[in-house]
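Those protein sequence lines, which keep their order, are chains W and X.
Throughout the first sequence, residue numbering follows the working numbering, covering 18 to 155 in sequence.
Throughout the second sequence, residue numbering follows the working numbering, covering 1160 to 1307 in sequence.
The set of hints was computed from the structure by calculation and includes no laboratory data.
Ideal Cβ placement from N, Cα and C applies to all residues, glycine included.
A few of these clues could be false.
Stated by the list, open to error - Cβ-to-Cβ under 7 Å is the rule here; a few derived chain W residues that face chain X:
no., residue
1, Val-19
2, Thr-51
3, Gln-59
4, His-60
5, Leu-67
6, Asn-70
7, Phe-94
8, Thr-113
9, Ser-115
10, Lys-145
11, Ile-153
Unchecked claim - Here are the simulated DSS-like cross-link-like pairs (lysine-lysine), alpha carbons at most 27 Å apart as the crow flies:
no., chain 1, residue 1, chain 2, residue 2
12, W, Lys-145, W, Lys-95
13, W, Lys-45, X, Lys-1267
14, X, Lys-1184, W, Lys-46
15, W, Lys-46, X, Lys-1289
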Amino acid sequence: MVHQQQLRFSTDGRGTYNISQQISDVIKKSGVKTGICQIFIQHTSASLILCENADPTVRTDLDAFMKRLVPDGDNLFKHTDEGPDDMSAHVRTVLTESSLSIPVHDGKESLGIWQGIYLWEHRTSSFKRNLSITIIGE
Amino acid sequence: MLYQNTLQLAEHSQGAYEITELIEKIIKTSKIHTGTCHLFIHNSSSAILISDTADDSTKDMTADFMAQLAPSSIDSNENINSAMDAVPPAMKHARSQNELTIPITNGKPGIGVWQGIFLWEYKSAPIERKLTVTIMGEARHRSFRLSH
């Protein structure tokens, strides 16, 4: 059994956005009880992560760490047509994930109790981000 | 429905090579309309990555960044080849993706307009690479759109 659908999210600048509920809704709708849920982001300047969901400081710290690791406007970067956050967003994407596969068990996403699924917007302005969700199982 | 194909990729020297068209052909051969396509590279000195296709410098800059992140005695990041040389193998492995899963929508890779699938070859000497493509899904259409 295969269920596929697209989700579209509006982001409001750099940061992490919890999409666990929306993914959970898609799994529920698919009717799949046991299988795999594959999430794919169709962009190269935003990405996906599994992250701690209890303390939001974890995610602001992650962003602060990433800011130090991949500085905007680094002299190394020549691909800067869309501003200082353009190339750094591409590098941040490569360092994180474009694709996540999570188990589906008993018709639900089988995540750890403190795990959440997040869309990580790496650009500093607002964007529309498309995700393709494919659930395969029975 | 399941389809699997293991193939040898042509020899490439260091650099990033787009393989989107090849993957498109394999998906077409599988006849799967909706599902997922898993790509797996059978070695630890090359990688499969999604990168921007709009501007060639994006992948070069990414390689340069990787070189800077894990500097070695070779101080050169003028282009992707020298940059990849400069990244110590441990770092390449740590942040490489040996495998990638993409959705299949309407019998094609369900990737973004500016996304391409690339083989990143790390070895200087041209070498053949084994790639296994596993496609799971079904032939009929089950795709629809929802907004949030």
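Evaluation of the provided hints:
1. Val-19: Val-19(W) check passes; min Cβ-Cβ to chain X is 5 Å, inside 7 Å.
2. Thr-51: Violated, about 14 Å.
3. Gln-59: Interface hint status for Gln-59(W): holds (3 Å vs cutoff 7 Å).
4. His-60: This hint holds: His-60(W) lies near chain X, its Cβ roughly 5 Å from the closest one there, short of 7 Å.
5. Leu-67: Violated - the Cβ of Leu-67(W) stays beyond 7 Å from chain X, reaching only about 15 Å at its closest.
6. Asn-70: It is violated, given that the least Cβ distance between Asn-70(W) and chain X is near 18 Å, above 7 Å.
7. Phe-94: 5 Å, holds
8. Thr-113: 10 Å, violated
9. Ser-115: OK, holds: Ser-115(W) within 7 Å of chain X, min 5 Å.
10. Lys-145: 10 Å, violated
11. Ile-153: Holds: closest Cβ of chain X sits about 5 Å from Ile-153(W), inside 7 Å.
12. Lys-145(W) - Lys-95(W): Within the cut-off at roughly 25 Å; holds.
13. Lys-45(W) - Lys-1267(X): Satisfied, since the Cα-Cα distance of roughly 26 Å is no more than 27 Å.
14. Lys-1184(X) - Lys-46(W): The given pair, whose Cα atoms are some 31 Å apart, is violated under the 27 Å limit.
15. Lys-46(W) - Lys-1289(X): Roughly 38 Å separates the two Cα atoms, so the pair is violated.
In summary, the structure is inconsistent with hints 2, 5, 6, 8, 10, 14 and 15 from the numbered list given earlier, while agreeing with the others.
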